[in-house]
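Can you build the whole structure from these sequences, using the hints too?
Just so you know, the sequences run in chain order A and B. Counting in this note's numbering, the first sequence runs from 1 upward without gaps. Counting in this note's numbering, the second sequence runs from 1001 upward without gaps.
Everything labelled a hint here was simulated from the structure, so no lab data went into it. Here the structure is a predicted model, which is why all the values come from computation and not from measurement. For every residue, glycine included, the Cβ atom is placed at its ideal position computed from N, Cα and C.
Calculated cross-link-like contacts (lysine-lysine; reagent style DSS-like; alpha-carbon spacing at most 25 Å):
{"#": "1", "chain 1": "A", "residue 1": "381", "chain 2": "A", "residue 2": "578"}
{"#": "2", "chain 1": "A", "residue 1": "512", "chain 2": "A", "residue 2": "464"}
{"#": "3", "chain 1": "B", "residue 1": "1460", "chain 2": "B", "residue 2": "1578"}
{"#": "4", "chain 1": "A", "residue 1": "599", "chain 2": "B", "residue 2": "1264"}
{"#": "5", "chain 1": "B", "residue 1": "1599", "chain 2": "A", "residue 2": "264"}
{"#": "6", "chain 1": "A", "residue 1": "576", "chain 2": "A", "residue 2": "518"}
{"#": "7", "chain 1": "A", "residue 1": "460", "chain 2": "A", "residue 2": "512"}
{"#": "8", "chain 1": "A", "residue 1": "305", "chain 2": "B", "residue 2": "1599"}
{"#": "9", "chain 1": "B", "residue 1": "1518", "chain 2": "B", "residue 2": "1464"}
{"#": "10", "chain 1": "A", "residue 1": "247", "chain 2": "A", "residue 2": "264"}
{"#": "11", "chain 1": "A", "residue 1": "460", "chain 2": "A", "residue 2": "573"}
{"#": "12", "chain 1": "A", "residue 1": "599", "chain 2": "B", "residue 2": "1305"}
Stretch by stretch, here's where chain B covers chain A in the computed footprint (C-beta under 8 Å, at least three residues):
{"#": "13", "segment": "533 to 544"}
{"#": "14", "segment": "563 to 575"}
{"#": "15", "segment": "599 to 608"}
{"#": "16", "segment": "625 to 639"}
From the derived model, a few chain A residues whose C-beta atoms are all more than 12 Å from chain B:
{"#": "17", "residue": "122"}
{"#": "18", "residue": "170"}
{"#": "19", "residue": "251"}
{"#": "20", "residue": "516"}
2 protein chains.
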Amino acid sequence: MRLKLAAILTAASMAVAAFGSDQPLKLQAVPFTAVRITDSFWSSRQETNRIASIPVSLDNLEKAGNLSNFRLAARHVTNGFTGPVFMDSDVYKAIEAASFSLATHPDAQLEARLDSIISLVAGAQQPDGYLDTYFLVKEPGRRWTNLRDCHELYCAGHLIEAAVAHFQATGKRNFLDVAVKLAGHVNSVFGPEPKRLGYPGHPEIELALVKLSRVTGDPRYFELAKFFVENRGRHYFATEHRTPPEKYDGSYWLDDVPIFDHEKIKGHAVRAAYLMSGATDVAGQTGDERLLAMLDRVWRNTTEKNLYITGGIGPSAHNEGFTVDYDLPNLTAYQETCATVALAQWASRMSLLYGDAQYADVVERGLYNGMLAGVSHDGQKFFYVNPLESAGHHHRQEWFGCACCPPNAARTIAAVGGYAYAVGPNSLWVNLYIQGRVKTPLDGQQVCLDVESDYPWDGKVTLKPTFDPPGRHELRLRVPGWCDGAALSINGQSVAAPRVERGYFVVSRDWKKGDVVKLNLPMPVRRVSANPNVVADRGLVALQRGPLVYCIEQCDQTAAVASLSLPPDASVKVEKSKWFGGTVVVHASGRQSAQLDWKDALYQSETPPARAEITAVPYFVWDNRQAGAMKVWLPVAPVAQKK
Amino acid sequence: MRLKLAAILTAASMAVAAFGSDQPLKLQAVPFTAVRITDSFWSSRQETNRIASIPVSLDNLEKAGNLSNFRLAARHVTNGFTGPVFMDSDVYKAIEAASFSLATHPDAQLEARLDSIISLVAGAQQPDGYLDTYFLVKEPGRRWTNLRDCHELYCAGHLIEAAVAHFQATGKRNFLDVAVKLAGHVNSVFGPEPKRLGYPGHPEIELALVKLSRVTGDPRYFELAKFFVENRGRHYFATEHRTPPEKYDGSYWLDDVPIFDHEKIKGHAVRAAYLMSGATDVAGQTGDERLLAMLDRVWRNTTEKNLYITGGIGPSAHNEGFTVDYDLPNLTAYQETCATVALAQWASRMSLLYGDAQYADVVERGLYNGMLAGVSHDGQKFFYVNPLESAGHHHRQEWFGCACCPPNAARTIAAVGGYAYAVGPNSLWVNLYIQGRVKTPLDGQQVCLDVESDYPWDGKVTLKPTFDPPGRHELRLRVPGWCDGAALSINGQSVAAPRVERGYFVVSRDWKKGDVVKLNLPMPVRRVSANPNVVADRGLVALQRGPLVYCIEQCDQTAAVASLSLPPDASVKVEKSKWFGGTVVVHASGRQSAQLDWKDALYQSETPPARAEITAVPYFVWDNRQAGAMKVWLPVAPVAQKK
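In structure tokens form, the structure reads like this:
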């Protein structure tokens, strides 16, 4: 499969024009199947995922009726549909997560369970390939009549993604055949005339079709993805809903302007990031300069003005999405788990396209913070909404009526190795530092890289590459954006001024067997400020260590969270704890604001704050112990407290 | 005059019922004419007032056309009126200021100038007593047709106040006769049926008529004041402007509800405070419990939720008045000089009514801060609007098209001694500590009190009372609300636990010649916080020393005002400077926020603030040197600075 994909990319790259100063590099991701993870951080989370989150998800899909919808559809029953319109997609994402897990942790019981669910899904597919239980059971005869709201193409996209994953993981075609049949049906309906104009109300199928095209080598799926991307913004939804275009605000669906004309991120966050992911796939292959320019503009707007420090997007519950630039409230942050996943997917695609470390920085920020927070430490409870501050009443739930997030986090954790490496011309790129081994073809040769590290708790990384045959190759090591003073040594010799390109150390040499590269990424606790335009964070500071954003939870404090502040000169120390796999805890010399009894007073003498130790834990850890208040952004100065 | 007034009060007090727990005490103010000021603080300001502000005001009244309006009216010319509808009132306030000044600083030239202006005014008075040049010159025949907007009764009130002051200062009746004739005319028009219902759009005449009643002993003027106060809120303005009452929002004029029913301060700030002053005069004399209860409610609402730390009121330029509770913005603070004066007048009346130190606290806060800021150090420029923060573009002006503020500050400075003392049954009350001497009758005897102090720069006050004949009397010394640890000694003997009543030290003894009372009011620099409900002051602190609120001006700083912060543990020292009459300057160890170059970054490492000395000067001093930024409320924590 990799070879087929490489062939497609190579052919396409010939036609690509340079965009701006960033010549697209078009790296290829090393698939998660080629990555073995042996660290204490991700491997334990993947194990929890396998033994808890994935089975729990499958159980919940049975309980919530997602699977029964397929049974009804298979029996041509036209009533009894349960749940929202996009119920099928949760099943597909769970299959995808389970498939990813199977690929690295063979599990006969899980594989059998998957096959049984896949039969169920396949049994509901119509002879013409159509498959969407909502329309089959609840609205028969109304297929493709409400693309804007009814998620048919979205569900199809998740089916395709899951089928590709299942095929990659197991080599079995039972699900891929369903996907191919469905994609063929979709392709028979939508496309240039005489087929229909149309595109998904909720993007997703675009990136899925690109995956299917790569796996099958069939360019028609890519062409269909390109069609969905490039026609978006032609006010199809206004037509579909019989609204005069001038009265129609399509921004929620990113259908307000032609796809090429977006200036900023907008609308529903997950829709936006999935669309941009698909558009990046398409632009990477076509080299369309207008699309590339749009992606660059929207990327910058997203990451420079609309990104939570925890790597998530979408501040508002109102539209599950964006409002105005720099609107990043903390207590009411929506930051849906799915949106963090979606942004990481987009960022990863941008990273492959340009090979600039800023993109993998966003991948890392999202994976280690916003995404991981989406699942409890025991893997059995989930966040849909991820605020950066809580008064103590926000907790993970066992499941949701709209259950998109749990399997989305599960599939991301299971496939995290897929975000770590990429290959370019004669070069192996390391984007995430995860202990383990990667083996991948490289320009017709083989490279094996062993990585030793306690990342993200420690920034020392030992890399032992074996090129077969040995020779002159490049190792490109991402220097994280959060890191000052990264140092490199080769075979014990410090490299005085390592070559740096687009944020990567470039180690180009005639490699010999036994070569050892050591990277040191210092991880002091950093006090981070937000751009002053972010009103919600004015006068506040966040603690970050390495890639991890920290928060304070009430259960670790000696004073009320609301009363704590962290002056600029606060001393800070770290402690390696025993819980949650050796979590590094931060202790800081904070202040506790005095509680003033204001009664009827308008002015009174300030009461100096008392000293109070503040204990901070990684954001993803929160809400795993006693319920209580939580804050990522801490006041630098004492906050007036009312008695 | 004092005896007449005392007689009126004594007769009235018999009928007064107790209000709440505060039995009205109904003290009598010791008139400014009985107070000699010999300190360095007020005496120099009174001298500047006499040689600069008052002549400058009179000159400007000539230039701006205020005086020519009188000349036109005297000649029955009906065109050529200059300026806004209330032009006459500025003349009257200037006469009042000049009269107060004459009383303590005889000045033949000024007295002659006044007489000439008074002749001009008198010459314009109509045979029936009517006098308002706007209607005489510009709208003849339309007298009393627009009480709401046209300030006729307001101007009449200022004429009366000025005439009373001129009579008190000079003993001459030339202006008082004009006032009596005008008051008689007003009284012939307004009152119970068959006279007309009506009251002023801009209150002022109520308190003026009470003064006139006291000076002349004629109770009709008091009755008319009572009529204006007690009928207010009967929607007269809706009738006058032919608006159905249900469609009429009279809150700007405090005409929305019957006067007895106000729950909070509202509308135009100067209107509100003058009305409350008049209502306090009336309630003090009638003992009307409903009116007293209203005054108590509105007072508490004003001082607990709507008072600037500098003693002013009225946050909004939109209505020159109030918005919602706790709305006290700094950069856009309106805080008109006249409103500070008006509130001090009301507070002084409440102080006399109840003898509780909280009221004189507000008098002091306003006089030493908001009011004094209204005039430049050279006495030649004036603030109308008094923000608590400036980017550097707000400066005193030579005069205004609406020139109410300059003469209002001038008359207040000239008569400041009148706020300092009061007498009650067998007791002399000291409200303000100003070096000098007061001589006043007390229960048919005489008391002379010599005061030595460098107040407000120093809190040590030596008081040498001489009662003639000696005997048992009370000296009541206000312990300022800002003061912790006030100490008292008598003839060198420290008083261990002085008796305190309603915020006053009560020194009751058989006084002997040569008795010396020493009061020590410690004046450390205080860090003051605002109630957390004041959004504008959250995270900010103000410096106060004694009664003076401090600010920082750019010209005293080594770093940009906007970059400075004052951490809770900042050390503070004071320095007695040589300028502005020995101003005490505060130096504090502040912080200078780093200027971060944000470019396109959304998050970046905090840069610790540098140390920076902050120099603060009294608020009233600001904008007398180099133009530049100013702030009263300083951030406790570093503020993000953009490069």
